[in-house]
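Take the sequence shown: its letter number 302 is residue 302 in the UniProt record's numbering, and every next letter is one higher.
No lab work stands behind these hints, which were simulated from the structure alone.
For clarity, every value in this text was computed on a predicted model and none was experimentally measured.
Any given hint might turn out to be false.
Here are the simulated lysine-lysine pairs, BS3-like style, with alpha carbons at most 30 Å apart [stated by the list, open to error]: (1) K85 - K356; (2) K356 - K154; (3) K154 - K314; (4) K85 - K154.
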Amino acid sequence: MYDFVVVGAGPAGSRFARRAAANGADVLVFEQGRIGEPLACSGHVSTDVWEFTPPGAREELLQNEVYGARFHTGGPDSESYPFYKDEVISNVIDRVGLDRTLAEAARDAGADVREEHTVVDVTEGRDTVQVRARGPDSTDTYVARMVAGADGPKSRVRSELDLPDPEELLHGVLGFTDEPDHDDFVDVHLTVPDFFAWRIPRGEAGVEYGLAVPPGDDVRARFEEFTDAYGVETDRRCSGLIPIGPPPRVTGRRSFLLGDAAAQTKPFTGGGILYGMTAADHAAREIDPADPGTLGDYEDAWRAALRTEIRLGKLVRAGYSVPAPIQRAGMRALSGEIAVHMDRPTTLFSREQLRKLFG
Numbered sequence: 001m002y003d004f005v006v007v008g009a010g011p012a013g014s015r016f017a018r019r020a021a022a023n024g025a026d027v028l029v030f031e032q033g034r035i036g037e038p039l040a041c042s043g044h045v046s047t048d049v050w051e052f053t054p055p056g057a058r059e060e061l062l063q064n065e066v067y068g069a070r071f072h073t074g075g076p077d078s079e080s081y082p083f084y085k086d087e088v089i090s091n092v093i094d095r096v097g098l099d100r101t102l103a104e105a106a107r108d109a110g111a112d113v114r115e116e117h118t119v120v121d122v123t124e125g126r127d128t129v130q131v132r133a134r135g136p137d138s139t140d141t142y143v144a145r146m147v148a149g150a151d152g153p154k155s156r157v158r159s160e161l162d163l164p165d166p167e168e169l170l171h172g173v174l175g176f177t178d179e180p181d182h183d184d185f186v187d188v189h190l191t192v193p194d195f196f197a198w199r200i201p202r203g204e205a206g207v208e209y210g211l212a213v214p215p216g217d218d219v220r221a222r223f224e225e226f227t228d229a230y231g232v233e234t235d236r237r238c239s240g241l242i243p244i245g246p247p248p249r250v251t252g253r254r255s256f257l258l259g260d261a262a263a264q265t266k267p268f269t270g271g272g273i274l275y276g277m278t279a280a281d282h283a284a285r286e287i288d289p290a291d292p293g294t295l296g297d298y299e300d301a302w303r304a305a306l307r308t309e310i311r312l313g314k315l316v317r318a319g320y321s322v323p324a325p326i327q328r329a330g331m332r333a334l335s336g337e338i339a340v341h342m343d344r345p346t347t348l349f350s351r352e353q354l355r356k357l358f359g
């Protein structure tokens, strides 16, 4: 009997496992394949990520420091509108390494983390949850007081327990080239429907190109057109779904969702590392595996922490779809030095940002 079985060892799942194990819970974690593989997420994050990692992680994982972004309404040769700070805004990191570092921190805290285990069935009972998982040698059933679904946009836990889906799933694609690039600005192109494309310099690790589009759009053709405009051919590619818009409920009788499985993501970028780990911390604080009533406390806590940011993030994203002349006029008026945090749209209305805007 475990207190928690956690399905998925991405940032949210590993963060929850680490915190719950440190609190004395008996935690078992399953990862379908190798931790961090295949890569399906950008490594561009706010500097807040280091608050969630063990000592020494920054020195191991940091690839580049970013001071701002150049926004374009066209391709790489179009006029750009810079938004920047005098200090580092964000970091580019080894994304696979982040997953492995967080999983190892969970192990160090006492969690049993198992790779190459695919969950094939989840059943909630009145007092326990049964999780059936296929490992390298056998398929076994594990019993726990609660199960955490941190298994991504197409969550098996969510589907097995009939929990509601996210509002929307975008299709994202990433590609990489190896030429070193230490530029301290990223490039954002508002050239795809309802979202954007990006170019991220990764220092000695090369360059990341990416974009996301709604279902039904030809993501491969869009990506080829984008990289062709830069005159590059990416030698490694990966793709995945990006959940946008949390469902009305992310908890069951003895179950709860975390991270991408719960669509705890930024609607204006699709990034979910910080939001997912923030929700994981609330889950570890609020949920008592012996008391299903505390699942409601988790629902209340994570939504109170992220609701306003997610709502404002949807408004920011709406700006991607206004006509290009309006976009250009707005960016021309607003570009320059900013005081905005990349994970918190509420800072658009902060005193510091208003001073930068009207100063």
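Now for the hints, and whether the structure bears them out:
no.	hint	result
1	K85 - K356	holds, 10 Å
2	K356 - K154	violated, 41 Å
3	K154 - K314	holds, 22 Å
4	K85 - K154	violated, 37 Å
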